[in-house]
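Trainee: Chains as they are written, first to last, in the numbering used here: chain A, 147 to 484; chain B, 16 to 305; chain C, 2 to 328.
Read the hints as simulated data drawn from the structure, not as lab findings.
Note that the Cβ used here is the ideal one computed from N, Cα and C, for glycine as well.
Please note that a few of the clues may not be correct.
Pairs of lysine to any residue residues, derived as SDA-like cross-links and limited to a Cα-Cα distance of at most 20 Å, are as follows [what the hints assert, rightly or not]:
(1) A/K417 <-> C/S81
(2) A/K242 <-> A/R261
(3) A/K423 <-> C/F195
Facing chain C, from chain A, some residues (calculated, C-beta under 8 Å) [said to hold, decoys possible]:
(4) Q307
(5) A337
(6) V340
(7) L347
(8) N348
(9) Q372
(10) S413
(11) L484
So the chains spell out like this:
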Amino acid sequence: MREETNNSAELLNVENLTVRFPVKRGGFLSRKAYLYAVDDISFSIKRGETLAIVGESGSGKTTAALAVARLVNAFKGKVQLGEHNFLELQDEALRKARAKVQFIFQDPYASLNPRLRAEAIVREPLDSLGIASPQEQQVRVNELFKSVGLRPEQQRLFPHQFSGGQRQRIGIARALSTQPELIICDEPVSALDVAVQAQILNLLRRLQSEMGLTYLFISHDLGVVQHMCDSVAVMYMGKIVEHASRKDLFNNPLHPYTSALLSAVPSVDKKRRAETKRILIPGDPPDPIDPPKGCRFANRCPVARSICKEKEPPLRALSSTHKVACHLVDEKAKSPLL
Amino acid sequence: MSLNQEPIDVARSPFSEAMEMFRKNHAAVAGLVILILIVLGGIFGPFIYQGDPFEMVWAPFSPPGEEGYLLGTDYLGRDLVSMILHGARVSIAIGVSAAFLTVFIGITVGALAGYYKGWVEEILMRVTEFFQVLPTLLFSMVIVALFGASLPMITLAIGLVSWPAVARITRSEFLRIRELEYVMAARASGVRNWKLIFKVILPNALPPIIVQAALMVGSAILFEAGLSFLGLTDPNVVSWGQIIGSNRQYILDASYTVTIPGVAIFITVLAISLVGDGLNDALNPKLRQR
Amino acid sequence: MSLLKIENLRIELTTRDGIAPVIDDLSLELGAGETLSFVGESGCGKSMTALGIMGLLPDKIGRIASGTILFDGEDLTQASDARLREIRGNDISMIFQEPMTSLNPVYTIGEQIAEVLRRHQNLSTAAAWAKAIDLLDAVRIPNPKARVNDYPHQMSGGQRQRVMIAIALACEPKILIADEPTTALDVTVQAQIFDLLRDLGRQTGTAIILITHDMGAVAEMAERMIVMYAGRKAEDGPVDQIIEHPRHPYTKGLISCVPHLMASLSNDRPELVEVPGIVPSLKSFGRDECLFASRCDRADEKCRTQRPPEMSFENNQNSACWQAGDL
Ligand SMILES: Nc1ncnc2c1ncn2[C@@H]1O[C@H](COP(=O)(O)OP(=O)(O)OP(=O)(O)O)[C@@H](O)[C@H]1O
Ligand SMILES: Nc1ncnc2c1ncn2[C@@H]1O[C@H](COP(=O)(O)OP(=O)(O)OP(=O)(O)O)[C@@H](O)[C@H]1O
Ligand code: SF4
Ligand code: SF4
Ligand SMILES: [Mg+2]
Ligand SMILES: [Mg+2]
Numbered sequence: 147m148r149e150e151t152n153n154s155a156e157l158l159n160v161e162n163l164t165v166r167f168p169v170k171r172g173g174f175l176s177r178k179a180y181l182y183a184v185d186d187i188s189f190s191i192k193r194g195e196t197l198a199i200v201g202e203s204g205s206g207k208t209t210a211a212l213a214v215a216r217l218v219n220a221f222k223g224k225v226q227l228g229e230h231n232f233l234e235l236q237d238e239a240l241r242k243a244r245a246k247v248q249f250i251f252q253d254p255y256a257s258l259n260p261r262l263r264a265e266a267i268v269r270e271p272l273d274s275l276g277i278a279s280p281q282e283q284q285v286r287v288n289e290l291f292k293s294v295g296l297r298p299e300q301q302r303l304f305p306h307q308f309s310g311g312q313r314q315r316i317g318i319a320r321a322l323s324t325q326p327e328l329i330i331c332d333e334p335v336s337a338l339d340v341a342v343q344a345q346i347l348n349l350l351r352r353l354q355s356e357m358g359l360t361y362l363f364i365s366h367d368l369g370v371v372q373h374m375c376d377s378v379a380v381m382y383m384g385k386i387v388e389h390a391s392r393k394d395l396f397n398n399p400l401h402p403y404t405s406a407l408l409s410a411v412p413s414v415d416k417k418r419r420a421e422t423k424r425i426l427i428p429g430d431p432p433d434p435i436d437p438p439k440g441c442r443f444a445n446r447c448p449v450a451r452s453i454c455k456e457k458e459p460p461l462r463a464l465s466s467t468h469k470v471a472c473h474l475v476d477e478k479a480k481s482p483l484l
Numbered sequence: 016m017s018l019n020q021e022p023i024d025v026a027r028s029p030f031s032e033a034m035e036m037f038r039k040n041h042a043a044v045a046g047l048v049i050l051i052l053i054v055l056g057g058i059f060g061p062f063i064y065q066g067d068p069f070e071m072v073w074a075p076f077s078p079p080g081e082e083g084y085l086l087g088t089d090y091l092g093r094d095l096v097s098m099i100l101h102g103a104r105v106s107i108a109i110g111v112s113a114a115f116l117t118v119f120i121g122i123t124v125g126a127l128a129g130y131y132k133g134w135v136e137e138i139l140m141r142v143t144e145f146f147q148v149l150p151t152l153l154f155s156m157v158i159v160a161l162f163g164a165s166l167p168m169i170t171l172a173i174g175l176v177s178w179p180a181v182a183r184i185t186r187s188e189f190l191r192i193r194e195l196e197y198v199m200a201a202r203a204s205g206v207r208n209w210k211l212i213f214k215v216i217l218p219n220a221l222p223p224i225i226v227q228a229a230l231m232v233g234s235a236i237l238f239e240a241g242l243s244f245l246g247l248t249d250p251n252v253v254s255w256g257q258i259i260g261s262n263r264q265y266i267l268d269a270s271y272t273v274t275i276p277g278v279a280i281f282i283t284v285l286a287i288s289l290v291g292d293g294l295n296d297a298l299n300p301k302l303r304q305r
Numbered sequence: 002m003s004l005l006k007i008e009n010l011r012i013e014l015t016t017r018d019g020i021a022p023v024i025d026d027l028s029l030e031l032g033a034g035e036t037l038s039f040v041g042e043s044g045c046g047k048s049m050t051a052l053g054i055m056g057l058l059p060d061k062i063g064r065i066a067s068g069t070i071l072f073d074g075e076d077l078t079q080a081s082d083a084r085l086r087e088i089r090g091n092d093i094s095m096i097f098q099e100p101m102t103s104l105n106p107v108y109t110i111g112e113q114i115a116e117v118l119r120r121h122q123n124l125s126t127a128a129a130w131a132k133a134i135d136l137l138d139a140v141r142i143p144n145p146k147a148r149v150n151d152y153p154h155q156m157s158g159g160q161r162q163r164v165m166i167a168i169a170l171a172c173e174p175k176i177l178i179a180d181e182p183t184t185a186l187d188v189t190v191q192a193q194i195f196d197l198l199r200d201l202g203r204q205t206g207t208a209i210i211l212i213t214h215d216m217g218a219v220a221e222m223a224e225r226m227i228v229m230y231a232g233r234k235a236e237d238g239p240v241d242q243i244i245e246h247p248r249h250p251y252t253k254g255l256i257s258c259v260p261h262l263m264a265s266l267s268n269d270r271p272e273l274v275e276v277p278g279i280v281p282s283l284k285s286f287g288r289d290e291c292l293f294a295s296r297c298d299r300a301d302e303k304c305r306t307q308r309p310p311e312m313s314f315e316n317n318q319n320s321a322c323w324q325a326g327d328l
């Protein structure tokens, strides 16, 4: 039951993506088991827009992103990026296609090679993909430094000579260097100080509107997500439990987990504090290696029924902009918590 | 935009910062100076202080100072100064080349194991363990006994028994660094495998390997001395160990024949470990700052 | 009388570049059952204040240069090491920034909690064990009877942080200092821990000092707050008042540079307010100037040459800014 979308506007279309890691289970008689870090998820992003992925630690956000960029191997699924079927590409074709997907990482200290000068870091993708002549490369590096707000003299410096926010700018310049179609930002500001966060978020939004970039934006900070995204996918234990436009998700969260997540965010707004009822979800997620057979959220869900423990709820489309995986959400799109 | 108001400093590579740190470490600098003197002595000494180390120049067992022979003569009446200077060449040459061999094998094995993981790692690490549990002295004695006691064979023997330590360090560094985000970033922009291994990961994995290699020079010198002491050496070249080995029967009557090369080995190895420690501190970013 | 009263506290750190005042002329008061929050960017001296109160400044590097820390009328800056240890065990506890490294991996969590109880409350082994289970229950670890035998690695990050809180509570302290207790945790877990701390304040009258950089958390948790900048108090006062009407450009920046979830979702998303630049380094902390001047868009000559004094407003708000009155 696939809804009608204007396919030409879609830059990225991910279908049934699954990533599993082999894990050792038990000490003595260890049997081979798999952890399904990403379990059969589908989503899409329109060109020039931002899809945010939110979810708690370990829910598979990073793994999904790495699989889309072919930095970990997917067990199955399809990743359609423009005209490329990204997961089918091999060797040289893959290497060339990598120019189209770039990554911005979380840790500004681990994401830059400490032995390279800033300019060499930004030039590395151009070099390895053989894009442009050395002179053209230098011109592009100059432009990139300018557009991320670094001074030309700083090109010769080494990473440890920059502050965290400046390093993140270098990381952004590197990601832009190949003129990618999709930029994956994995928690790009969570390691930064609040004041520096604002600088980077503004920069990302400005670059997006100037260059028409498409972002896959991972974050656990719902305030940041609300500021950055056009649509949101909420992950829980390797599954997407809700996938909706910004407006639908923040105004009308339907999955009980999404509601709990939103209600847990502390706010400076008195009105919001007064209006929001905290939805408690006690306990922890179940063992990811041996997930329960019904709804994975059932053991913490405040409104779980018997059907929830038996049958896994599929991700259903309630409208063209709102999908949710919960048995208790009916066609009227009303939250089961209300 | 008023983002970058901090004064810009000149570009300073991690390497140049490490060297500055090293320079501030007096013990390490002293070790380095001693080491340079020893190497210079080995290279130029024999030209300045001429004489064949194998030639009988005076009565055997003349104590140091007698008849102008600064360090005396050994049991065959050979000049110890000449022997020590020539021996420096051989001992250091063996130390350095064995260390190179060790590092070469160790890095290759460790890098492949740490980068490719999976079955490659399985196999290579089994091989490494095999070499690691071999009784080292016995194994090298067997090699030397089988293939003859030439310098290359001795170097090979030392190299073959010492590379596992380097391989393990390299592998664990590779396992750590390959997961770092800058390596991910390089992969995401299509950097080829060999370039990832040698240009991206290896330079960042080098610091502990360099320290290990420096210390390896010292232990190779000691190892060679041990083999020579047991008589497993090329009789046609002088090394410090060989001087000790050949004079060992007379240790009670003419102790200086053993003490003098012993002290030479001691000073060299000590200087090397001072340098090694200094490198360790300088290259270890946790000790830098504060 | 207030439980904790700090007056003109100055803490100096000895670094390679010389001696710098990492806390410069800090005064505050905390009453029983109150929650006070410290906010500010990284490196502003929030943790140093906490360590100063606890008598845990880094050895040989940090020292209290002047000022008093009165706890229940007793000056902690003059107290002996033994006395400080006693106070740390019984009256003031702290939850540290890193939940993952603060527990000993080789003992079960029950042993670690019971150990604290035995040492500080002279409980018998059996009584300590029973109380450990009660405490785990109090911090809402499910099935505490079984989990008490777990080792730290068998628990999730949030659970470990709850165990840390249980240990901090074990001796029923009068003051609990929580240094960014939820930075490493998910929001749902953070909310549970905040609930826990709030209940605790209400039920036992424990005063809480919450260190954080999240204004939302401050708004939700604390009655009063102190905004720290470069070792100095930039602004302090009642939380609601400050959020509604900050009287210091730095506070204003801290509040508006973060995209907050509001009661209603707005469609247009204007650029976030940027506070340009970064916190100055420790070596410039002592200067006679407003240390925020390099990042402040209202800075003038006076700001760059004279340290602004604290200006008080009738609603108990204080701001160290030359232009506080115009803001
Ligand atoms: N290389 C790996 N081998 C085995 N398990 C892994 C590996 N990488 C991730 N996992 C597991 O997969 C799950 C998802 O991890 P992932 O890093 O994608 O989560 P995340 O949502 O990004 O979390 P966070 O918010 O903490 O970054 C986790 O349970 C994690 O332990
Ligand atoms: N052991 C130390 N030696 C030297 N300087 C230190 C030491 N510990 C902290 N500092 C410095 O003291 C200043 C204040 O540090 P503090 O830890 O109090 O900051 P903070 O406000 O808690 O920051 P964060 O939010 O990062 O925890 C910083 O500039 C820091 O670099
Ligand atoms: S399916 Fe059931 S358990 Fe799952 S979220 Fe919906 S109501 Fe809760
Ligand atoms: S004193 Fe001057 S520089 Fe400092 S915050 Fe106030 S206006 Fe800005
Ligand atoms: Mg992640
Ligand atoms: Mg701190």
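Trainee: Output the numbers, in ascending order, of every earlier hint that fails for this structure.
Mentor: Per hint list: 1, 2, 4, 5 and 11 violated.
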